[in-house]
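**Q** Read off the chains here:
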Amino acid sequence: MKKLDNYYCVQTPEAVELRIQPAGFWSRGLAFATDFSIRILVYSLIASLGSVFFASFSVGVNLILYFLMEWFYPVFFEVWNNGATPGKRMLNIRVVHEDSTPVNFSASVIRNLLRVVDFLPIFYVFGIISSLSNRSFQRLGDIAAGTLVINNQFKYVTPSLTAKGVRALPDGFTLEDQNAVLAFAERGAQLSEERSAELAQILVPTLQAQESATSASNPVASLHQMANGIVGLGP
Amino acid sequence: MKQAAFIEQNQLVWQRFEELLNKLEQRTWLPGRLARRIATTGNNKSEESLKDVEVSAELTEFAQLYRSVCQYQSMAKTRQYSSHLVGKLDDLVLRGHQILYQQKSASLSALIKFILIEFPGLVRKEYKLFWLATAFLYLPAVLVFFAVMINPDFIYTVMSSGDVQNMESMYNPANSHFGEERGSSSDFGMFGFYIMNNIGVGFRAFALGLTLGLGTIAVLVLNGLMLGAVLAHLLLVGYFLTISSFVIGHGSFELTAFVISGMAGLKLGYSILNPGNMRRSRALRMASASAVKLVFGAFIMLVIAAFIEAFWSSTAALAYSIKYTVGGGLWLLLGWYFLKSGVTADES
Numbered sequence: 001m002k003k004l005d006n007y008y009c010v011q012t013p014e015a016v017e018l019r020i021q022p023a024g025f026w027s028r029g030l031a032f033a034t035d036f037s038i039r040i041l042v043y044s045l046i047a048s049l050g051s052v053f054f055a056s057f058s059v060g061v062n063l064i065l066y067f068l069m070e071w072f073y074p075v076f077f078e079v080w081n082n083g084a085t086p087g088k089r090m091l092n093i094r095v096v097h098e099d100s101t102p103v104n105f106s107a108s109v110i111r112n113l114l115r116v117v118d119f120l121p122i123f124y125v126f127g128i129i130s131s132l133s134n135r136s137f138q139r140l141g142d143i144a145a146g147t148l149v150i151n152n153q154f155k156y157v158t159p160s161l162t163a164k165g166v167r168a169l170p171d172g173f174t175l176e177d178q179n180a181v182l183a184f185a186e187r188g189a190q191l192s193e194e195r196s197a198e199l200a201q202i203l204v205p206t207l208q209a210q211e212s213a214t215s216a217s218n219p220v221a222s223l224h225q226m227a228n229g230i231v232g233l234g235p
Numbered sequence: 001m002k003q004a005a006f007i008e009q010n011q012l013v014w015q016r017f018e019e020l021l022n023k024l025e026q027r028t029w030l031p032g033r034l035a036r037r038i039a040t041t042g043n044n045k046s047e048e049s050l051k052d053v054e055v056s057a058e059l060t061e062f063a064q065l066y067r068s069v070c071q072y073q074s075m076a077k078t079r080q081y082s083s084h085l086v087g088k089l090d091d092l093v094l095r096g097h098q099i100l101y102q103q104k105s106a107s108l109s110a111l112i113k114f115i116l117i118e119f120p121g122l123v124r125k126e127y128k129l130f131w132l133a134t135a136f137l138y139l140p141a142v143l144v145f146f147a148v149m150i151n152p153d154f155i156y157t158v159m160s161s162g163d164v165q166n167m168e169s170m171y172n173p174a175n176s177h178f179g180e181e182r183g184s185s186s187d188f189g190m191f192g193f194y195i196m197n198n199i200g201v202g203f204r205a206f207a208l209g210l211t212l213g214l215g216t217i218a219v220l221v222l223n224g225l226m227l228g229a230v231l232a233h234l235l236l237v238g239y240f241l242t243i244s245s246f247v248i249g250h251g252s253f254e255l256t257a258f259v260i261s262g263m264a265g266l267k268l269g270y271s272i273l274n275p276g277n278m279r280r281s282r283a284l285r286m287a288s289a290s291a292v293k294l295v296f297g298a299f300i301m302l303v304i305a306a307f308i309e310a311f312w313s314s315t316a317a318l319a320y321s322i323k324y325t326v327g328g329g330l331w332l333l334l335g336w337y338f339l340k341s342g343v344t345a346d347e348s
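If you're matching them up, the sequences are chains S and Y in order.
Okay, so the first sequence: first residue is 1 according to our numbering, each after it adds one.
Okay, so the second sequence: first residue is 1 according to our numbering, each after it adds one.
Chain S with its partners taken away, still in its complex shape (with noise of 0.2 Å):
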C-alpha cells in the first residue's frame, strides 16, 4: 500500500535509510514572496538614503546592489545561513543536498542562475510544474544543481512514563499491539482525559478477559501499567 507521506529516502553508507520531507510549492511560494519583500525594502531604503552617503557614487551603488540582489541574495543565505533565506527560515525550510547534507556554494549557484528557466514563461510557470511532477518537488533549478528543499525537522524528545506499576500482557498479543499500547503511553500527556478514555475503552473486553489481572476498572491505568512492564521498568 502506497504511504500517504512523501518523505524522500536517502540511503547513507552505514546502511541507514534516513527520511527527510521536502517542502511543496507553497511553502517556497510563500518563502519566495517574503524573500521578495525583503529585497523591495533594501532597495527602496538604499535608494532613498543613497544620496545622502554615497553622492556621486549612488547610482553605481544601487546598480551594482540590484544586481548582486538579484543573483546573489539567496546563494549568499544558503550557504552562509545554513540554507535558509529569511523567507525560507519564516517558514522553516531549507535548501539541502540530495543526501540531506547542507547545501555547498557550487550547488547554490546553479540553482539560482537556473530561477530564469523556472520563471519562464511567467511568474515560476515552469517551475511549479515540475515541482509538481517530481516526487521530491524539485523545481528545474534543483534537478540540475541535486538539491531540495525539506522541512526542518522537530527535535525529539523522548517522554517518559510515569504511571507506577506493572500489568500482565493479555495473551495473544502480538508485537503491533504491543507497540500501539506503548505509543498511547508515551502520548499520554498529549492526549485529553477524554480521548485516552475513549481509546481505552477499545481494550476493555480484552482487560475483563484477562484470568489473573484485576478488575478493568482504570482501562487507562491498566495500559500504562502494561507499557511499563513491555518497556521492562520495574513495579
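Some hints could be false.
Claimed, not checked - With a cut-off of at most 20 Å between alpha-carbon atoms, the simulated SDA-like pairs for lysine to any residue come out as follows: (1) K23(Y) with Y156(S); (2) K77(Y) with T12(S); (3) K23(Y) with T101(S); (4) K113(Y) with L339(Y).
Said to hold, decoys possible - Not close to chain Y: a few residues of chain S, all C-beta gaps over 10 Å, as computed: (5) D5; (6) F25; (7) T34; (8) L45; (9) N92; (10) I128; (11) L132; (12) L140; (13) G146; (14) Q153; (15) A197; (16) T206.
If you are wondering where the hints come from, they were derived from the structure by calculation, not from laboratory data.
As the structure is a computational prediction, the values presented were derived from the model and not from experiment.
Where is the CB? At the ideal position from N, CA and C, for every residue including glycine.
Once you've looked at the hints, dock chain Y against the given chain S.
**A** Same frame as chain S, but now just chain Y:
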C-alpha cells in the same frame, strides 16, 4: 532485551554523541581556523596547539560514536522498540550524517588555482562547444555587417530608427564620453550599469541552455546581429574610429565571456538532448556541475570587462592609437591565457 534495559545499557553513548553534535552544529560566521585563532588570542602558542589536538581527538570520537549510534538505530528498528526511541535515534543519525558528510565550499586558494589553472583548461577541453558558440555569436555579426554595407537601410530591420539615432549620438566623435547616455557622467555609475546589464546577459545565456540550448543560441545570435549591425552602420556614418576603439578595449573580455557563457548553456542543453547512457536528470546534473565553473570564469571576465568599459574605453581624452594598442594587447593576452595557462582538464 527490553527497551528500558537497552536504553540503560547504551544511553551514555548517544548522550555523549548528542553533546558532540550540539557542539559541532554551532556554525560560526568566520572560517574555522580564524575563529579558533581569535578565540585563543592572548594565550601562548602551546595552548593553541593543544586546542588543535583536543579538537581532532573529539572529531575522531565523533566518527566512532556515529557508527555506534547507527548500529543502535538499526537494532532499535529491528526489535521494534517504541517509535519515540527509534525516532530519537533516527534524529541523531540524521544530524550526524549531515555533519560528517558535509560538502565543503571552495577556499581562497582554490579560487586562485581555479583562475590560473582550472578555468583555461576547462575551456580548452570543451573546444568544440567553444567554436560552436563563437560561430553563433560572430557569424550573424559578419553576415549582418556585410548586409548593412551592401544595403544601408538593412539596419532598420535590426534596430528601430529611435535606437539608431540613439546609437549615433553615443559614438559621436565630438562626445566627451562614448557609450551609453551618461546621466550622471559618473564612471562608477556606468560600471554599475555594465555589471548589471552584461553579467545579466551572460547568466541568462547560461540558464537558457536548459531550453535544449535554443534560448542560448537565441541570445548569442541576437547579440551578434546587434554587434555586426552597429559596427557596419557606424562605419558608413563615419564614426568607425570611435566605435572600434571603444569595442577593442573591453571587447576581448566581454565577447569571449559571452562565448563562454554560451558554451556553458550549450553544454546544459546538449546533456539533455544526448545523455549518453545515463538518465537525463543525472546527465544534466553532471553537466551543470562543470558548466557552472565556466560561468564563474565568465563572470570574473565580465566584471573586468565592465571595469575597462566604464573607466577606460569610454573616455574621449585618450588618443585612438593608445586605445588600439592596449586593446590589441588585451586580445593577445587573453589568447595566450586560454592557449597556454594551466593544464587541459583531461591531462594533469
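**Q** Next step is simple, just say for each hint if it's right about the structure.
**A** Against the structure, the hints:
| no. | hint | verdict |
| --- | --- | --- |
| 1 | K23(Y) with Y156(S) | holds, 18 Å |
| 2 | K77(Y) with T12(S) | holds, 16 Å |
| 3 | K23(Y) with T101(S) | holds, 17 Å |
| 4 | K113(Y) with L339(Y) | holds, 17 Å |
| 5 | D5 | holds, 14 Å |
| 6 | F25 | holds, 18 Å |
| 7 | T34 | holds, 22 Å |
| 8 | L45 | holds, 17 Å |
| 9 | N92 | holds, 16 Å |
| 10 | I128 | holds, 15 Å |
| 11 | L132 | holds, 16 Å |
| 12 | L140 | violated, 6 Å |
| 13 | G146 | violated, 5 Å |
| 14 | Q153 | violated, 6 Å |
| 15 | A197 | holds, 22 Å |
| 16 | T206 | holds, 20 Å |
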